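Chemist: The chain contents come next:
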Amino acid sequence: MKDMYILAIESSCDETSCAIVKNGSVDISTVILSQIDIHTNFGGVVPEIASRQHLKNITMVIEECLNKAKMTMDEIDAIAVTYGPGLIGSLLVGVEAAKMLSSIYNKPLIPVHHIAGHIYANNLNKRMEFPLIALVVSGGHTELIYMKDEYTFEKIGGTLDDAVGESYDKVARVIGVGYPGGPILDKMAKVGIHEYNLPIPLNDESYNFSFSGLKSAVINLAHNYEQKGIKINKDNLAKSFQDVVVEVITKKTLKALKDKNVKRLIIAGGVAANSGIREGLKKICEENAIECSYPDLKYCTDNATMIGAAGYYAYKKGIVADSTLNAVSSTNLT
Amino acid sequence: MTILYLDTSSSFLYTAIKKDDEIIAEIKEKLDNNLSKFALSRIEGMFKIKNISYDEIDKIIVVNGPGSFTGIRIGLTIAKTLAWAKKISIVTISSLEAMALSADSSHNYIVPAIDARRNFLYASIYDNKNKSFIMNEKYISIDTLNVALGNLYGDVVFITNDKLDINYDIEPYDPKIDVLIDKFKDREAINPHSIDANYLKLTEAEEKKLKED
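As they're listed, the protein sequences go chains A and E. Under our numbering, the first sequence has 321 at position 267, and the numbering climbs by one with no breaks. Under our numbering, the second sequence has 277 at position 44, and the numbering climbs by one with no breaks.
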């Protein structure tokens with residue numbers, strides 16, 4: 055079969071990204087323009103600022119991606135784009151640009167679910183094999199997805215409130231260590247010891263998660279110590295918090311793998327870069343003879359490469375859209 | 234010369250193609266929250282029906298605000314992507330200027346106005362006799378604008394498609410795209426990568442931060 059080159063666009067949050075991906079697995083070129091420096095001033099992503107930045111940068115990012123690949127639009131076979139979920143104003147910039155390119159060059163337009171993209175980031179290392187369980191953990195998502203086959207998704211569990219990355223950011227803010235909270239707390243946890251007692255949230259038999267209670271427990275603990283005039287050891291609090299997060303995530307993931315009798319786990323999303331969570335999952339996989347994989351660090355956070363990878367398999371399943379494609383802020387992966 | 238006009242800065246889609254001296258296709262349609270779904274599809278349809286390809290466009294005139302933030306971004310993304318991909322010369326124009334220049338009224342002063350919520354407007358004041366703006370476009374409270382208008386001698390008309398709580402005559406906005414194209418087609422072109430919105434207003438997060446600093 056002839057090689058297929060997909061130009062992919064991702065703009066669901068605070069990264070404007072464009073990539074060209076060959077046959078759903080080879081990264082030909084990737085450009086990611088991160089806005090993190092801008093949003094850091096506000097302690098988190100400001101949706102309207104993110105949308106404004108996407109508009110400013112979108113064509114430059116696409117052009118740089120083509121230049122980097124030494125390719126022209128005529129050599130592209132299809133356009134893939136994240137249509138949701140995400141920040142609606144941000145998504146719209148990517149979607150309108152993708153629709154316009156598809157219309158100008160008369161190329162198929164492939165709508166890709168952001169989570170499908172995170173999962174298929176794993177396909178950029180090594181062909182994914184099925185069935186598998188995908189754990190998607192990021193600033194906006196915490197989901198367990200069962201994939202029986204190529205590009206089929208069954209969500210079996212997810213967070214009932216905050217996403218895991220969101221809870222890291224909130225806890226980091228409460229204890230005053232900065233933004234983004236994930237990498238900072240992860241680093242602190244490495245030198246801390248598990249000193250503080252925190253409850254394991256939603257410690258039940260479901261595949262669901264809840265992190266807002268845990269966040270409140272950390273806030274209450276910090277307040278109590280403050281009132282008593284006792285100084286909190288922030289490293290130890292980070293370690294205590296991370297241990298609880300890792301415990302509940304590994305427990306539920308293992309349960310899903312066992313119940314579905316699946317021997318493959320893939321980890322996806324920005325929080326897959328968290329060393330505590332990675333190590334915890336690796337350990338349960340080793341103990342239970344489960345094959346565990348996660349994307350290269352550069353494909354863990356938002357990027358268009360993963361959208362190009364997922365888009366290839368979406369297209370093979372006949373998933374295409376026309377110029378009435380709309381962005382959606384929340385949508386289930388099916 | 235073939236020119237594409239595009240304005241999605243309100244709940245309406247205003248678009249047209251002018252070929253030489255004639256508007257050969259025009260759409261004025263209230264799309265409300267469906268702009269993102271239908272704007273490009275309508276534009277595409279307009280090209281198809283008139284059997285015109287994107288390659289034939291020599292110039293794009295696009296409205297870059299003020300108005301609906303999301304609406305502005307939809308039109309600008311479409312326009313800058315097309316201009317960049319097909320190397321088409323592109324210029325931006327102000328929604329309020331387009332409104333003032335489309336007015337039919339013989340009133341002395343024309344006030345193009347867009348609801349910016351919380352008793353604020355995006356507005357300017359156009360002197361209809363001298364054909365010039367005496368107040369440049371602003372994010373302004375209705376109270377402040379009323380004071381400014383109270384100091385003027387002569388009658389005032391608002392051009393708007395929004396429901397505004399004001400005590401002046403109101404003329405609904407219906408763009409004279411033909412006139413606007415002629416007026417702005419020779420404006421100096423901008424590099425498509427530099428095309429950006431004219432929001433007239435910082436984001437709330439930035440305003441809050443400015444107050445704190």
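What the hints contain is simulated information worked out from the structure, not anything from laboratory work. Owing to the predicted nature of the structure, the values given are computational and were not obtained by experimental measurement. Hints should not be assumed to be uniformly reliable.
[As the list claims (entries may be wrong)] Lysine-lysine pairs mimicking DSBU-like chemistry, simulated, CA-CA at most 30 angstroms apart:
hint: 1; chain 1: A; residue 1: Lys241; chain 2: A; residue 2: Lys282
hint: 2; chain 1: A; residue 1: Lys56; chain 2: E; residue 2: Lys283
hint: 3; chain 1: E; residue 1: Lys319; chain 2: A; residue 2: Lys288
hint: 4; chain 1: A; residue 1: Lys76; chain 2: E; residue 2: Lys283
hint: 5; chain 1: A; residue 1: Lys224; chain 2: E; residue 2: Lys281
hint: 6; chain 1: A; residue 1: Lys122; chain 2: E; residue 2: Lys442
hint: 7; chain 1: A; residue 1: Lys124; chain 2: E; residue 2: Lys319
hint: 8; chain 1: A; residue 1: Lys224; chain 2: E; residue 2: Lys283
hint: 9; chain 1: E; residue 1: Lys319; chain 2: A; residue 2: Lys122
hint: 10; chain 1: E; residue 1: Lys270; chain 2: A; residue 2: Lys161
hint: 11; chain 1: E; residue 1: Lys409; chain 2: A; residue 2: Lys161
hint: 12; chain 1: E; residue 1: Lys281; chain 2: A; residue 2: Lys371
Chemist: Report the numbers of all earlier hints that the structure fails to satisfy, in ascending order.
Modeler: The structure conflicts with hints 2, 3, 4, 5, 6, 8, 11, although it agrees with all the remaining ones.
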